[in-house]
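Residue numbers (UniProt numbering), protein chains in the order written: chain G, 1 to 403; chain B, 1 to 403; chain U, 1 to 135; chain R, 1 to 135.
It should be emphasised that the hints constitute simulated quantities derived from the structure, not laboratory data. We put the beta carbon where it would ideally sit given N, CA and C, even for glycine. Please note that the accuracy of each hint is not assured.
[Claimed, not checked] Here are some of the chain B residues that sit facing chain G, going by a computed Cβ distance under 7 angstroms:
#1 N41
#2 Y44
#3 T91
#4 I252
#5 V255
#6 L297
#7 N348
#8 A353
#9 C360
#10 P363
#11 H367
#12 S369
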Amino acid sequence: MIEQLRKDFPLLHTHIEEQPICYFDSAATTQKPQSVIDAVNKFYQQENANVHRGAHTLSAAATTQYEAVRTKLADFLNVTSKEIVWTKGATDSLNLIAAGLSEKLSHDDVILISPLEHHANIVPWQQIAQKTGAKLEVLPADQQGVLDLEAAKQLINTLKPKILSVCHASNALGNIHDVAALITTAKPYNTITIVDGAQSLLHLRPDLSAMGCDFFVFSAHKALGPTGLGGLFGRYELLNDMPVYQTGGEMIERVSFSGTTFRDAPGKFEPGTPNISGVIGFGAALDYLNSVDAAALSKYEQGLYHYLLSALKAIDGIKVWGDTEHNIGVVSFTYKDEHHFDIATFLNTYGVAVRSGHHCTQPLMEHLSLSGTVRVSLAFYNSYNDVDTFIDALKDTIDMLEE
Amino acid sequence: MIEQLRKDFPLLHTHIEEQPICYFDSAATTQKPQSVIDAVNKFYQQENANVHRGAHTLSAAATTQYEAVRTKLADFLNVTSKEIVWTKGATDSLNLIAAGLSEKLSHDDVILISPLEHHANIVPWQQIAQKTGAKLEVLPADQQGVLDLEAAKQLINTLKPKILSVCHASNALGNIHDVAALITTAKPYNTITIVDGAQSLLHLRPDLSAMGCDFFVFSAHKALGPTGLGGLFGRYELLNDMPVYQTGGEMIERVSFSGTTFRDAPGKFEPGTPNISGVIGFGAALDYLNSVDAAALSKYEQGLYHYLLSALKAIDGIKVWGDTEHNIGVVSFTYKDEHHFDIATFLNTYGVAVRSGHHCTQPLMEHLSLSGTVRVSLAFYNSYNDVDTFIDALKDTIDMLEE
Amino acid sequence: MDITQIQNRLNSLNGWQAKYREIMLLGKKLPALPEALKIEDALVRGCESNVWLHLDLDESQERLVIIADSDTRIVKGLLAIILACYNNLLPQEAKQVDAYALFEEMGLIQHLSPSRGNGVKAIVERIQNQIDAFQ
Amino acid sequence: MDITQIQNRLNSLNGWQAKYREIMLLGKKLPALPEALKIEDALVRGCESNVWLHLDLDESQERLVIIADSDTRIVKGLLAIILACYNNLLPQEAKQVDAYALFEEMGLIQHLSPSRGNGVKAIVERIQNQIDAFQ
Ligand SMILES: Cc1ncc(COP(=O)(O)O)c(C=O)c1O
Ligand SMILES: Cc1ncc(COP(=O)(O)O)c(C=O)c1O
Chain G
1 MIEQLRKDFP
11 LLHTHIEEQP
21 ICYFDSAATT
31 QKPQSVIDAV
41 NKFYQQENAN
51 VHRGAHTLSA
61 AATTQYEAVR
71 TKLADFLNVT
81 SKEIVWTKGA
91 TDSLNLIAAG
101 LSEKLSHDDV
111 ILISPLEHHA
121 NIVPWQQIAQ
131 KTGAKLEVLP
141 ADQQGVLDLE
151 AAKQLINTLK
161 PKILSVCHAS
171 NALGNIHDVA
181 ALITTAKPYN
191 TITIVDGAQS
201 LLHLRPDLSA
211 MGCDFFVFSA
221 HKALGPTGLG
231 GLFGRYELLN
241 DMPVYQTGGE
251 MIERVSFSGT
261 TFRDAPGKFE
271 PGTPNISGVI
281 GFGAALDYLN
291 SVDAAALSKY
301 EQGLYHYLLS
311 ALKAIDGIKV
321 WGDTEHNIGV
331 VSFTYKDEHH
341 FDIATFLNTY
351 GVAVRSGHHC
361 TQPLMEHLSL
371 SGTVRVSLAF
381 YNSYNDVDTF
391 IDALKDTIDM
401 LEE
Chain B
1 MIEQLRKDFP
11 LLHTHIEEQP
21 ICYFDSAATT
31 QKPQSVIDAV
41 NKFYQQENAN
51 VHRGAHTLSA
61 AATTQYEAVR
71 TKLADFLNVT
81 SKEIVWTKGA
91 TDSLNLIAAG
101 LSEKLSHDDV
111 ILISPLEHHA
121 NIVPWQQIAQ
131 KTGAKLEVLP
141 ADQQGVLDLE
151 AAKQLINTLK
161 PKILSVCHAS
171 NALGNIHDVA
181 ALITTAKPYN
191 TITIVDGAQS
201 LLHLRPDLSA
211 MGCDFFVFSA
221 HKALGPTGLG
231 GLFGRYELLN
241 DMPVYQTGGE
251 MIERVSFSGT
261 TFRDAPGKFE
271 PGTPNISGVI
281 GFGAALDYLN
291 SVDAAALSKY
301 EQGLYHYLLS
311 ALKAIDGIKV
321 WGDTEHNIGV
331 VSFTYKDEHH
341 FDIATFLNTY
351 GVAVRSGHHC
361 TQPLMEHLSL
371 SGTVRVSLAF
381 YNSYNDVDTF
391 IDALKDTIDM
401 LEE
Chain U
1 MDITQIQNRL
11 NSLNGWQAKY
21 REIMLLGKKL
31 PALPEALKIE
41 DALVRGCESN
51 VWLHLDLDES
61 QERLVIIADS
71 DTRIVKGLLA
81 IILACYNNLL
91 PQEAKQVDAY
101 ALFEEMGLIQ
111 HLSPSRGNGV
121 KAIVERIQNQ
131 IDAFQ
Chain R
1 MDITQIQNRL
11 NSLNGWQAKY
21 REIMLLGKKL
31 PALPEALKIE
41 DALVRGCESN
51 VWLHLDLDES
61 QERLVIIADS
71 DTRIVKGLLA
81 IILACYNNLL
91 PQEAKQVDAY
101 ALFEEMGLIQ
111 HLSPSRGNGV
121 KAIVERIQNQ
131 IDAFQ
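So that you can see chain G by itself, here it is in the shape it has in the complex (with noise of 0.2 angstroms):
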C-alpha cells in the first residue's frame, strides 16, 4: 500500500548529497502529492481568475471551486461552511483570533496554554494578556514533557480560565492531548476553548463536534496542501460576534467616507485577495486524504513510529522525550551531551533529512533543559527502508562524534 502512495509523492524520489532522501520533517511541511501540485497547475493554466466579483465565466468557475472547498474542509472536520475562515496559516489564526477575543478579556482574566505550545500559540496570547492585563497560566507537565492530565483539570477548575488554547499535538515531541477532556473540564466556566491542530490536521483528522472546541487552526502546508493557506473554525455565534480583524476589500458590505459596514462572517474575515491556487489545491489534498484508507494509514503510522522508538532506544546514549504512548509519529530526541545541529547535519549528509533545534517551542525547551532536540517526524509516506536509513546513519554519526 505504502509503496503505492510513496508514487503520488514526487519529492519522495529526489536525492540529497547525492543519497535517496528520507524525508523526516513533515511536521515542519509535508510533501504534496502529485494531485495537488496538478490541481495548482490546472488553475494557473485554465482557470485564473479572482474570486466573489466577476459576472465572467472564468471568476464564477473560481468562486465556485473556492467556496466548495470550504464545504470539503467542513465536511471533513465535521462542522458547517460558514464556520470555516481561510488565512495565511496557524499563525495567522491564532493572531486573528487572540485579536479577536482581547476586547472580552479584562484585568485578572486567566488565559490558560500548555507547556507545549509552539510560539503561534504563546506569544499572540503574551501580546494579548500585556494589552488587557489578563494573565497568561501554564498547565503541568512532567520532566518528559508530558502534560499531567488530571493536574491540568485541576488547573483549570482552580483558575477557571477565561481561555483555554492547547495544541491537540505537540509539533516538538509528538504528544497527542486529549483535547475533549480538557474542554469537558472547561465548559462549566464558560471558558472559550481553542484547539491548535497544526499538527493533528492530518494525523488524527479530528471531529470537531465531537471534540466541542470554539475555534479550531490550522497550516495547510502541514497536511499536504500548498504554503500560504491556513484557516479556522469557530463556533459560529462566537465567530460572527467577534470584531473584524484587517479590513479592505470583500469583506465589507458598503464603505463610504462617513463609515462602513461589514458582512458577517465568514466574510468579514477574508479581506482582500485570498490564496485562491492554495485553496485549490488544498482542496486537491483533502480529496486525496479522503481517498486514502484512513484507519490504515494510522495504524502503518504508528506501526512505523514503534519501529523507529524501539530502534532508536536500543542505542546507547539516547533519550526519547515526550509521550510516546499517545503519539502522532514524532520522536523527539539527544544523544548525551552532543549538539542537535552537529547530529543533524552529519545525518544529512546521509540523505536523511530531520530538523533541530527548539521547534519554536522555547518554553518547553527551558522546561526540559535543553537547547533542543533533533526531531524525526513522520508522515503515512515513510517506509521503513527510511528508518533503516536514518538508524543507520545515526549510527555512523555517533561513531564519528565518539571518535
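Got chain G; can you put chains B, U and R with the ligands on it based on the hints?
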C-alpha cells in the same frame, strides 16, 4: 513581439463559452507566464521544505531561494532587501502598516487619502482613525474622477497630514497619480507617505528611491505572480521602528513565559511559515519582467489603450471615466443608463472577460454618482485582436439592449 | 407565457447568448415598479444588484400576487421567471414550488456567478417566508 | 595546520560527510574556552548556536590572538578555520584577509544553511570590527 509573449501565457489560449477568451480583467488579477507556473511546480516536486529552520539541504536551499527573491524584488524596486516584508497581499500590507503607525497618531492628527482609493486603502485607516481619534481626510477630485493635483498640494500644505496614503494608479479608472509630487509636497511636514502600488508594480515599475515614499505595498498576483502573496517596502528606520504586528514563530529572538523579544525587521513582521511557493513563483515573475523589454511593452500597452479608447469613444452613448491621459490601461465606462452587470454578462457570452461593479471603490462611485462601471483592464499580453473582438461584442450587446 | 412555456422556450435556445437575450426580453415584459414602491423594506438582502419585491394576496384574498423589479435587466428577467412560478397560485400550492430547483434544472444556477445564484436563492426564500407569514 | 594546509586538506576530501568530519576534527583540536570566558559580551550576535569570541594582541602587543568556542562541534570547526586565517597576523595584515570569501571559495558557504552562512559572516565582521578598534 506580443504574439510571441502571448505564447508564454497558457490561459490566454483557453475558451469562454466556446469562444477564444479575451481576458480584460488584469487589474483584478493578471495571468501567469508558464515560467511562473513551472517554478511553483518545480518547487513542490523537487524542493519543497520549510524555510529558516533547517539543518538539512532541502530547507537550506528553500531558504536561499526564498531570500534571493527578496533581494531580486529589492533590486527591482531600487531599495535594499531588508526593507522588504512579505505579506499575503496588498490588503495585508496596508493593515500591517496602519496598525504599526497607529501609536504615532493622536487626536487631531490627519490621515490623508485620495477619493480613488481601493477599500483596502480606506477601511484600515477608518479603523485606525476611530481608534486614535485621528481624522481621515480626502483629496479633491473632479467630476470625471481625476485628482486635482494643484488643489491636492494645497490641501497637503493646509492639513500637514501625519500620514498620506495614495494609490500610484487607480484600479477602478486606471489614473496614474503623480505620487512623487505629492510626496515632495508633504516632506516638509514629516508626513509618513504610503503608496499603494497594487496596480503600478506591473505597469509602471516604480523606482522607489526616486519616488521617495516611506512605504509601498503590492500584491504578487497582480504582477504575474501567484496568489496569496504580497509585500511591502518600508524605509528601514521607520519600518524597524514599528511595533510587531502578528506574532508567532520565526519572528522572535527569544520566547519564555516570562517575556519575549523580537527580531529586527524584516524578520519581526514575518511570523509563521510564509508562502514559500508563492515567493518562489514570484521570483520567476520578476525574472520574466526583467527579461522583457520594459519600454517596448509600455509603448505597446499605451498604443493598445488608445486604440481601445478611440474605438469606445466612437460609440454613441458610451462614457469613459477617469484620466485618459495618464493611465495604466484601464478603461472604465458606462453606456447610457444601462446596468454595468447586464453589459458584462452579455460580453461574457462572446468570450470577453471584463469586470463590472464598484471595483472595491464605493466612495469613488459615490463621488461619480454611479452604481458601478464596466471595466476593461489591459496588460501587455492583450492583442489588438482582443480589442476588436470586444468592440464587436459590445456593439452587439448595445443592439440587444436597445431592441 | 406560463412557466412551462418559459422553460420550453429557454431549453430550445442554443447558447447562453440567446438564453440571456430571452431572459432579458422576459424582464422587459415585467412592468416597472413605481418608484414609491422601491422602498428599503422591499429590498431583498443577499442580492448583488437591487431587487425589490412585494407579495400580497389578490382581491379575493386567495391567490398570490407578487410584483418585483430590479435595476439590472437580466435579474429582472430572472424575477419574471420566478414570478411566473408563483403568481396566481394559492399559498399552499406555492409552498410546494421550488423555483430555485427549477433554475438548477434549467442549468441557470450553474451558469450564473455564485453570488447571483445566491441572489436567486434569497429571492425564493423571501417569497416562501412571506407565504408562511400569510398562513 | 595553517590555513593553506586546511584548505588543501578539505579540498582533497570527497563528499560532505568527509568534509564535515574533518571540520569537526579541526574543532576538537581547538582548546575549550574556560567557562568564565563564556560571557554575554563575548557572544557573537547573529549566530544560530552560541559562539564566544575574544580578540587581543599578544604579549609583544603586535600580533592577533583570537580564542573562540561554540557549543556545536561543527561550528567550532568553522571557528578553527577562521582562527587559522587570522591568528598571529599583524592587525594591518588581518585587515586584508577575508575569511568569508575563503569559505565561499571552498564551497562551504553554499553548503551551510543560510543562517549558518550568516553566522560565519557575523564572526568575521566581529573580528574585523575589533581589529579596527585596536588601530
Ligand atoms: C489599488 C489596489 N489596492 C489594493 C488592492 C488589494 O489587493 P489584494 O486584494 O491583492 O490584497 C487592490 C486589488 O484589487 C488594488 O487594485
Ligand atoms: C503546533 C503548531 N502550531 C502552530 C504552528 C504554526 O504554523 P505556521 O507556521 O504554518 O503558521 C506550527 C508550525 O510549526 C505548529 O507545529
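S369 (chain B) as an interface hint toward chain G, with CB separation required under 7 angstroms: Hint on S369 (chain B): violated, closest Cβ of chain G at ~13 angstroms, above 7 angstroms.
Given hint Y44 (chain B) near chain G, where the shortest CB pair must fall under 7 angstroms: 5 angstroms, holds
A353 (chain B) as an interface hint toward chain G, with CB separation required under 7 angstroms: 4 angstroms, holds
Agreement of hint I252 (chain B) with chain G interface, Cβ distance less than 7 angstroms: 6 angstroms, holds
Given hint P363 (chain B) near chain G, where the shortest CB pair must fall under 7 angstroms: 5 angstroms, holds
Restraint satisfaction for L297 (chain B) [CB to CB of chain G, less than 7 angstroms]: Since chain G brings no Cβ nearer than about 20 angstroms to L297 (chain B), farther than 7 angstroms, the hint is violated.
Restraint check, 7 angstroms cut-off on beta carbons, for T91 (chain B) near chain G: 3 angstroms, holds
Interface hint for N348 (chain B), Cβ within 7 angstroms of any Cβ on chain G: Result: holds, 5 angstroms to nearest chain G Cβ.
Hint status (Cβ of N41 (chain B) to nearest Cβ of chain G, threshold 7 angstroms): Status holds, d = 6 angstroms.
Given hint C360 (chain B) near chain G, where the shortest CB pair must fall under 7 angstroms: 4 angstroms, holds
Interface hint for H367 (chain B), Cβ within 7 angstroms of any Cβ on chain G: At 9 angstroms from the nearest chain G Cβ, H367 (chain B) fails the 7 angstroms test, so the hint is violated.
Hint check, V255 (chain B) versus chain G [nearest Cβ-Cβ separation less than 7 angstroms]: At about 5 angstroms, which falls below the 7 angstroms cut-off, the nearest Cβ of chain G leaves the hint on V255 (chain B) intact, so it holds.
Checked against the numbered hints listed earlier, the structure breaks hints 6, 11, 12; every other hint is satisfied.
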